[in-house]
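Asks: Numbering (numbering that gives the first Met the number 0), first residue to last: 0 to 40.
Don't read these hints as lab results, they were simulated from the structure. We put the beta carbon where it would ideally sit given N, CA and C, even for glycine. Hints may contain errors.
Said to hold, decoys possible - Cβ pair distances, simulated, as ranges:
(1) 31 x 9: 28 to 36 Å
(2) 23 x 1: 43 to 51 Å
(3) 36 x 6: 27 to 35 Å
(4) 10 x 30: 35 to 43 Å
(5) 7 x 39: 31 to 39 Å
(6) 39 x 1: 52 to 60 Å
(7) 10 x 33: 29 to 37 Å
(8) 7 x 27: 44 to 52 Å
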Amino acid sequence: MRLPAWVWCAIAGGVTFALIVVAVLTIAAHALDRTLVRALG
Numbered sequence: 000m001r002l003p004a005w006v007w008c009a010i011a012g013g014v015t016f017a018l019i020v021v022a023v024l025t026i027a028a029h030a031l032d033r034t035l036v037r038a039l040g
C-alpha cells in the first residue's frame, strides 16, 4: 500500500513531536523531583 508523501510527513512530524514532548516532560519531572527533594530534605 503506497501512501502519499504528505502522509509520511505527517506521521514523521507527529512522532518527532511526541518524542520531544516526552523528553521535555521527563526532564521537567526530574528537575521538579530534585527541587522537591531539596526543599523537603
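Asks: Flag every earlier hint the structure violates by its number, smallest first.
Replies: 2, 3, 4, 5 and 8
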